[in-house]
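Peer 1: Protein chains in written order, with our numbering: chain D, 2 to 470; chain V, 81 to 273.
It is worth saying that the hints were derived from the structure and are not from the lab. From the three backbone atoms N, C-alpha and C, an ideal C-beta is built for every residue, glycine too. All clues stand as given, with none of them false.
Per the computed footprint, the stretches of chain D lying under chain V, defined by three or more beta-carbons under 8 Å from a beta-carbon of chain V, are:
#1 13-21
#2 25-39
Ranges of calculated distance between the beta carbons of each label pair, as one might list FRET restraints:
#3 D:Ser426 x V:Ala228: 17 to 27 Å
#4 V:Asp224 x D:Thr184: 43 to 53 Å
#5 D:Gly336 x V:Gly151: 36 to 46 Å
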Amino acid sequence: MSQQPPDEEFERRLRDVLSSRGLGVPVPPDALDRVHAGARRRQQRRSAAAVFAGVAVIAVVAGAIGLSSGGGNGSTATASKRTPDTFAALSASTNPLVSTVPSSEAPAISSPAVAASTALPSPPSSAVPSVAPAIPTTYPSPGSAVPATFSPLSVSAISTKTFWVLGTQQCAQLSCTAIVQTTDGGSHFTEVAAPHAATITIDNSTRVVFGLRFADSDNGWAYGEALWTTSDGGATWTDTSLPAGAVHDLGAAHAPGAVAGTVWAVVQPSPFTSGYELWSAPYAPGTGTGAWQQVDLGSDPPGTSVPSLAVQGADAYLIAADAKNVTHLYVASSGVATTVLAAPCSPAGNDLSAGVGSLWTVCAPNGPKGALDAKVSTDGGKTWQNVVSSSSSYIGGVDAKTAFADNGSGLVKLSTSGQAQTLTSPQATNGFSFIGFTDAKTGFALSQPDPTRLWRTTDGGTTWSVVGF
Amino acid sequence: MTSGVVTAYEMPGVTVDEERRQVFDEFARARMPELLRFGHALTGSPHAAADLVQDALERTMLAWARVENQGDPEGYVRRIMVNRNISIWRRRRRETLVLDIPEDAGRRGAAGFEPVIRDLALWDRIRALPPRQRTVIVLRYYEDLSEAQIASLMGSSVGTVKSQASRALATLRRDSAMFAETDGGPAPDGVAS
Chain D
2 MSQQPPDEEF ERRLRDVLSS RGLGVPVPPD ALDRVHAGAR RRQQRRSAAA VFAGVAVIAV
62 VAGAIGLSSG GGNGSTATAS KRTPDTFAAL SASTNPLVST VPSSEAPAIS SPAVAASTAL
122 PSPPSSAVPS VAPAIPTTYP SPGSAVPATF SPLSVSAIST KTFWVLGTQQ CAQLSCTAIV
182 QTTDGGSHFT EVAAPHAATI TIDNSTRVVF GLRFADSDNG WAYGEALWTT SDGGATWTDT
242 SLPAGAVHDL GAAHAPGAVA GTVWAVVQPS PFTSGYELWS APYAPGTGTG AWQQVDLGSD
302 PPGTSVPSLA VQGADAYLIA ADAKNVTHLY VASSGVATTV LAAPCSPAGN DLSAGVGSLW
362 TVCAPNGPKG ALDAKVSTDG GKTWQNVVSS SSSYIGGVDA KTAFADNGSG LVKLSTSGQA
422 QTLTSPQATN GFSFIGFTDA KTGFALSQPD PTRLWRTTDG GTTWSVVGF
Chain V
81 MTSGVVTAYE MPGVTVDEER RQVFDEFARA RMPELLRFGH ALTGSPHAAA DLVQDALERT
141 MLAWARVENQ GDPEGYVRRI MVNRNISIWR RRRRETLVLD IPEDAGRRGA AGFEPVIRDL
201 ALWDRIRALP PRQRTVIVLR YYEDLSEAQI ASLMGSSVGT VKSQASRALA TLRRDSAMFA
261 ETDGGPAPDG VAS
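Just chain D, same shape as in the assembly (with noise of 0.2 Å):
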């Protein structure tokens, strides 16, 4: 094969016949309500395939487990909020094919088209709270060695050492799907189990996932198009049936000491139906996952903006906009009613993130320049305290007094004594999907594609180094 370079002539009759007006196609009159019709259509099969699945699985449910989660403020599962899509927001371009997402503007989303497969119109009821295995898959086969190409979307912590990261390697078709895990602090990575899902958009028989987290060395969920759930460390993935539809955030936290928590999912039960749903199931050691339940958020549930969650012990911290654009801070508790507050303010950021004893988030611009205030609330979020004003749309929250955000190409250190400090390291073109600290020490950052890179810190942030795989 010719590896000689190409010339600029024949470059450029390249570009001419590529940019030829022949390559017009006249649109088809009717080209709308095609469009229209087969979208019906893919819906519908969806919705029966759902359907169906829901009612055989309710044939097998197993006994439900029942755990009450522990009280306390400890947080354990540092987990991914936002990942990328493995080939959007490549960079900064006019190109409608790499234009990045601002994400100051895009609330909770992460990937393309997850919500596309996972229509299931009828609400659930707070009746059925079943959850049933359906068949373990494992995808692609685990093995002991993480493959060079491995590349990472996600990443989810129990303790400073042990974390799993979920991300995409080349394989034969298109990039396959891959989770990794660390019990010595990133020097070694085992490959685990993945469930059967794609990172990016391939086609119907094929979910997207885009989210891992764990809450201990068995309990973990993956989600995107769907949830999945594995009761063993990775090593099998169970596709659960509920809750139905596509989950954009979850979170698992547990009081210190306790061994059982709960686990919190923010679902979209349709793509058409304007509303995102709570739910949350426990889990425990050796037990799994119990049945998962809509959680009741209220007269005025989340309605028009993606809710951002964070957890924290016990509870669940939910900010979103309702049907009518209002704003509210949803306070989940495992057993309790749900208290709406005020929310820090309106429109809310897209990030909400727990650090020890604190909550943050950044508030998104108000008008097209507006400034980004970061906030943070020591009581609950009751009340909230303004801090240094920056560029910022991901926050990751280290303590009462420190928090990490993303100004768009770097990390800058917020401190409530009012300091506000670029690092020089780590850098990311693209900004980072993803701030989020294990404990006063032990953070994560990952940047942006392209490259996408998992940074770690382990002295509270003051220097970070690339995760290797």
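Please build the complex by placing chain V on the supplied structure of chain D, with the hints as guidance.
Peer 2: Just chain V now, kept in the frame of chain D:
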């Protein structure tokens, strides 16, 4: 933050879903010509382009709530088109080695098509490329993407993109030179004969 504030979202008789659908319709109507053109370049066939665009728009419509929030609907449609085009071809390949019966839209000006592809010999060779190679060429020279961007978009490595691009360019140059000699094709500057 008092709830109950009346905002523009409250419009009697109009549900959010209908509004969304209307926004989608406007988007689809406005962008369809350019999407079809892109599809034609990707597939080498106006008919396959129409199928590809319809498929991608159906998927986009179902995911519209998210796509709209994300702020780049056209990029979303194009990404689906790129990946669907490759995967459709992979499925069909077992059935037939030739994707399409050659279509002469550009050459003869079939009904509705303007016969204005000047460098027909080169276009024919582009159409004859294997889809992945053709996709790399189209993304490089039609969309002006970098190799890294193409790799990310297609879910392959930069090395793979480079080798596919160089293989494709070698084929195109060799074959189009041959065509130019035997077929009375266009001069290298691309001006029509």
